[in-house]
Structure formats: structure tokens, C-alpha cells
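Peer 1: Knowing the structure of chain A, use the given hints to seat chain B on it.
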Amino acid sequence: RKEVEQDPGPFNVPEGATVAFNCTYSNSASQSFFWYRQDCRKEPKLLMSVYSSGNEDGRFTAQLNRASQYISLLIRDSKLSDSATYLCVVVMNTGFQKLVFGTGTRLLVSP
Amino acid sequence: EAGVTQFPSHSVIEKGQTVTLRCDPISGHDNLYWYRRVMGKEIKFLLHFVKESKQDESGMPNNRFLAERTGGTYSTLKVQPAELEDSGVYFCASSLTGGAGETQYFGPGTRLLVL
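Chains as they are written, first to last, in the working numbering: chain A, -7 to 103; chain B, 5 to 119.
A hint or two may mislead.
To be verified - Within a straight-line C-alpha distance of at most 30 Å, the following computed DSSO-like cross-link-like pairs (lysine-lysine) qualify:
| id | chain 1 | residue 1 | chain 2 | residue 2 |
| --- | --- | --- | --- | --- |
| 1 | A | 37 | B | 45 |
| 2 | A | 71 | B | 55 |
| 3 | A | 90 | A | -6 |
| 4 | B | 19 | A | 34 |
| 5 | A | 37 | A | 90 |
No lab work stands behind these hints: they were computed from the structure.
Bound conformation, chain A alone (with noise of 0.2 Å):
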């Protein structure tokens, strides 16, 4: 089983749509969290950092789940720029700071 699970869509949807990907972590040690995103043969960049208490930056909002091992990236009124591949990102706890990654959510943003 993959450490950290999304489905690779892609997800198609008009301008102005709302659209939520979801991702699974396996390991209940992982300490944190984050979605990045990646444009196309660009690198990662980060999204936003995901809380226990959900946040919110603009039209995106991230929420975590603990007891469900659950991290979740709404969009809200979707615009062409936010095609790109979003990468769920897991930290565990083990003192190092590697970034254990999901094969990512791949979105397209029609007109």
C-alpha cells in the first residue's frame, strides 16, 4: 500500500466550479501536512501547509482528518490558472524532514 494515496483524476471542470480532491495517509505518526502544486514539467510549489483546525488561503481551503488519516483541498470559482497537478504531501515523525509525496490530482480548468 502507497504511504500517502490520491486519485490521479484528472478532474475536468468549467471556470467558476467548486472542486475537491482528497488524499489518504498510511502512517498515523506523520506529523505534517501539506498540498503542493506542480505545473507541467515545472517543480512543486507549495500550496499550503494543512492544519487540524482547517485553514483557508483565498479560494482554497485545506482540512485534516487525524482519526481518519484524511487531507482534504477544496477550490472554490476555479480559474484556467488553476490547472496543474496538486501533489498531497506527508511529513512523519521521525525527526527528519523528508516529504513523502501522492502521485497527485491532476485538475483542468475549462472555459
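Peer 2: Frame of chain A; chain B shown alone:
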């Protein structure tokens, strides 16, 4: 401020040859990480330097891979001899303190193709 840079951007070599990838982290970042994405798979951790010391090299696939960070500045990752399965994108990332939840900044990657 310059971001993480990597060289070369692309490399095409034949099986059995040697390739050396270079990463220059953000100035002042003590922590440097190497990751790799092979076709169709997720990005995977290779190793982590704190300054010039290897903090965690649990992700290095085998002894054909050698990473160095002499002087604690830039790092090199050498693959010798290269095999077909080494093809992929090699990313370098850096962070300031390596603390919990700290952002890692990624370089643009080196695309390696082994023929």
C-alpha cells in the same frame, strides 16, 4: 533572491555512462534534499544533507548513486554506472532550518534519460 538552481536541465546518456547532477540551494539554507520522480510514479525522497553531513540517506536506491555536499554549499549527485531505470526527473530542494513544517523550496529539476 535566487531560488534553487539545478544543472543540467536535461541529460541524455547511454546505459553504463556516468552522469553528475548539480544543485545550488538558496543561499544560507543549511538543509538540502534530493528527490526523484520516475515515469508514472510519485516523487520520492533520496537523501537529506544538513550542511555537509548526510542526515538521512534512506531513499538512495543503491550504491550506484553518490551524493556529496563538500563545504556545505552546492551538492552533486553522481550516478555511475547509469541504468535504464534511473531515467526520471531529479529534484533538489532546500530549507533554512529543517524544522517541523518548514517549507522546502524546489529547483526546476534535471530530466535524465538513460538509453
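Peer 1: Each of the hints needs a verdict: does it hold here or not?
Peer 2: Against the structure, the hints come out as follows:
For the hint pairing residue 37 of chain A with residue 45 of chain B, the CA-to-CA distance comes to about 18 Å; that is within 30 Å, so the pair holds. Taken as a hint, the residue 71 of chain A and residue 55 of chain B pair is broken in the structure, with Cα atoms around 41 Å apart against an allowance of 30 Å. Distance hint between residue 90 of chain A and residue -6 of chain A is fulfilled; the C-alpha atoms sit about 16 Å from each other, no more than 30 Å. As the CA atoms of residue 19 of chain B and residue 34 of chain A are separated by approximately 26 Å, the hinted pair is consistent with the 30 Å bound.
Distance restraint check for residue 37 of chain A and residue 90 of chain A: the Cα-Cα separation of roughly 15 Å lies within the 30 Å cut-off, and the hinted pair is therefore satisfied.
Of the hints listed earlier, the one the structure fails to meet is number 2.
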